[in-house]
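Starting from the structure of chain A, add chain B where the hints point.
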Amino acid sequence: MLPVEPSPTVPAPVGTAGTTVLVGSAWWVRVFGPVGRKLLRTLTDCRRITAFALITLATVFTKAGVARRVIRPLIQLQILRAGVRVLPIICFLGAALGVVIVGQTTQLLLQVGQTKLLGPLLVNLVVRELAPLSAALVVLARVGTATVTELGTARALGEVEALEALGVDPIHYLVVPRVIGITTAVVCLTVYVILFSLGVGYLFSFLRGLQMPPGEFLGIVAGAMEWVDFPLLAMKTMAFGFLASLIICYHGLCHPLRLEEVGEATTRTVAQTVVACLLVDALFVPIYVFL
Amino acid sequence: MHGVTVSHPRSPRVALVKDVEWDVQPGECWVVTGGQGSGKTALLETAAGLHPALSGEVRVFGEPMEVAARARRIRRRVGLVFDGHGRVFPRMTVYENVALPVTYDHDLSLADAAELVDPILEALELDRIADVPAGRLGRAWARRVAIARAVALRPEILLMDNPVTGLDATNLRWWRGFATRWLEGNPLTGGKAGTLVLASDEVRPLLSIGHRFAVVNDGTWRVLGDRAAFESSDEPLLKELLAGIE
Numbered sequence: 001m002l003p004v005e006p007s008p009t010v011p012a013p014v015g016t017a018g019t020t021v022l023v024g025s026a027w028w029v030r031v032f033g034p035v036g037r038k039l040l041r042t043l044t045d046c047r048r049i050t051a052f053a054l055i056t057l058a059t060v061f062t063k064a065g066v067a068r069r070v071i072r073p074l075i076q077l078q079i080l081r082a083g084v085r086v087l088p089i090i091c092f093l094g095a096a097l098g099v100v101i102v103g104q105t106t107q108l109l110l111q112v113g114q115t116k117l118l119g120p121l122l123v124n125l126v127v128r129e130l131a132p133l134s135a136a137l138v139v140l141a142r143v144g145t146a147t148v149t150e151l152g153t154a155r156a157l158g159e160v161e162a163l164e165a166l167g168v169d170p171i172h173y174l175v176v177p178r179v180i181g182i183t184t185a186v187v188c189l190t191v192y193v194i195l196f197s198l199g200v201g202y203l204f205s206f207l208r209g210l211q212m213p214p215g216e217f218l219g220i221v222a223g224a225m226e227w228v229d230f231p232l233l234a235m236k237t238m239a240f241g242f243l244a245s246l247i248i249c250y251h252g253l254c255h256p257l258r259l260e261e262v263g264e265a266t267t268r269t270v271a272q273t274v275v276a277c278l279l280v281d282a283l284f285v286p287i288y289v290f291l
Numbered sequence: 001m002h003g004v005t006v007s008h009p010r011s012p013r014v015a016l017v018k019d020v021e022w023d024v025q026p027g028e029c030w031v032v033t034g035g036q037g038s039g040k041t042a043l044l045e046t047a048a049g050l051h052p053a054l055s056g057e058v059r060v061f062g063e064p065m066e067v068a069a070r071a072r073r074i075r076r077r078v079g080l081v082f083d084g085h086g087r088v089f090p091r092m093t094v095y096e097n098v099a100l101p102v103t104y105d106h107d108l109s110l111a112d113a114a115e116l117v118d119p120i121l122e123a124l125e126l127d128r129i130a131d132v133p134a135g136r137l138g139r140a141w142a143r144r145v146a147i148a149r150a151v152a153l154r155p156e157i158l159l160m161d162n163p164v165t166g167l168d169a170t171n172l173r174w175w176r177g178f179a180t181r182w183l184e185g186n187p188l189t190g191g192k193a194g195t196l197v198l199a200s201d202e203v204r205p206l207l208s209i210g211h212r213f214a215v216v217n218d219g220t221w222r223v224l225g226d227r228a229a230f231e232s233s234d235e236p237l238l239k240e241l242l243a244g245i246e
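Here the protein sequences line up with chains A and B, keeping their order. End of the first sequence = 291 in our numbering, gap-free, step of one. End of the second sequence = 246 in our numbering, gap-free, step of one.
One chain only, chain A, in its complex shape (with noise of 0.2 angstroms):
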């Protein structure tokens, strides 16, 4: 059974326009009054959704072998969805980013005759932090509002406790699914952002006269990347594509949503996904520093 729990809500005496009011209430606890309770509910929420990834990964591995051809073509399904019909705009990101960032470093680098930090800059950029950032994001954008929508109205019309009443384990049919799927998106689609920016990059120093064949470019390139380097991407990206589809799975059925409900969950996903990405980020920052 999902691991519902009633809304994480701190009472407090509402006004008629739904606004919170601390009648009589001391001028600090009105000023710091919200800001605890959302400090409280974002915790709540950490913690639930620590539960439902703890879940999850349980489930992903106790019941491995089971339903394996529902599973998987669900999983294919996924992949789909948040990886090939994502690969344009992955290119097109691509693009930009080897425009803007591959592009003009190379030419600033070449304009003050430093060419050597050609290499560590780019993979500290694109290879390290912008590469898996924005596949993760991208992939939020593209698929996490309408999963949440979707789950959410699956929710509220009782799929759930349906798949129950079937003998169909919710998380092993909704939950698996998505979170193989996204985080295999945010694999591969991190490879496709990281060579498509680097492809058009050279591309566009190569027509603004940089006198260097794409054999040396990517040379240079790779002789900056660790060996550790590569588990390291792949440590990333899945642990943002984990994520992401834990947090976008977690709002869309934890709580059964009304349809005025999903603005706000869809917003909520998108905001904790990105705090989320970005604490991960940072915590492999001292491992590229030592590196």
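To be clear, the hints were calculated from the coordinates, so they are not data collected in a lab. Note that beta-carbon positions come from the ideal geometry of N, C-alpha and C, so glycine has one too.
Label pairs and their computed distance ranges (CB to CB):
1. E63/B x L54/A: 25 to 35 angstroms
2. A111/B x K63/A: 16 to 26 angstroms
3. V228/A x E63/B: 50 to 60 angstroms
4. A58/A x D112/B: 21 to 31 angstroms
5. P256/A x R181/B: 33 to 43 angstroms
6. A222/A x D118/B: 50 to 60 angstroms
7. A26/A x G219/B: 37 to 47 angstroms
8. S109/B x G33/A: 48 to 58 angstroms
9. D131/B x K63/A: 25 to 35 angstroms
10. R68/A x E21/B: 37 to 47 angstroms
11. G62/B x G33/A: 53 to 63 angstroms
What the simulated footprint calls covered on chain A by chain B, stretch by stretch (three residues with Cβ under 8 angstroms from a Cβ of chain B suffice, anywhere in the stretch; the number is not a length):
12. 59-73
13. 158-166
Showing chain B alone in chain A's frame:
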């Protein structure tokens, strides 16, 4: 159910029906009646293992329902048809709806499940609309899909919530025929007599089918006995339910 307090599905700490003492024997047809919002649906969902009881003991086929893994195994032997459109999955076709429990339980592809699903579709006269998305169906046909989905795993007990609400004469006749066949035994029940539990606030169409009657009123559970006991009861609510809309 012994000494069971049924909780509200959305507020698990709120008691809806108290002190439920209920033994369902194989082959019986129970009709549980009561006003709207009295807790009949919550009672059925608790019996099906979807919600834990607030207190007391729920045993299905002699086994307690508390342990989740065991509950899932027992749940396969209990079919539940929900109220209204039966909570069919609107984006799936009729075939996909009925095939879902079969494919999930037996780890089959949709095509491989045809051998098990087609006879069910034929038995419930759904084979002609097998490729239609369930979301496009009207209430009566959606409910039929929900019945087909609930019996797909060949359960021994079938729980139905408000099974006759909103049915016209033709569909009501079909439904009575289905219920009778279920109780007598047919290929869907493996030839054995099935057990039926019907929760409804429209009790008159069920009088001829029910073997045993119970009422949920003001949070209390009362077993009334057979049809004669039910009809002779002087409880105002039952008289109101029997009279229906004039």
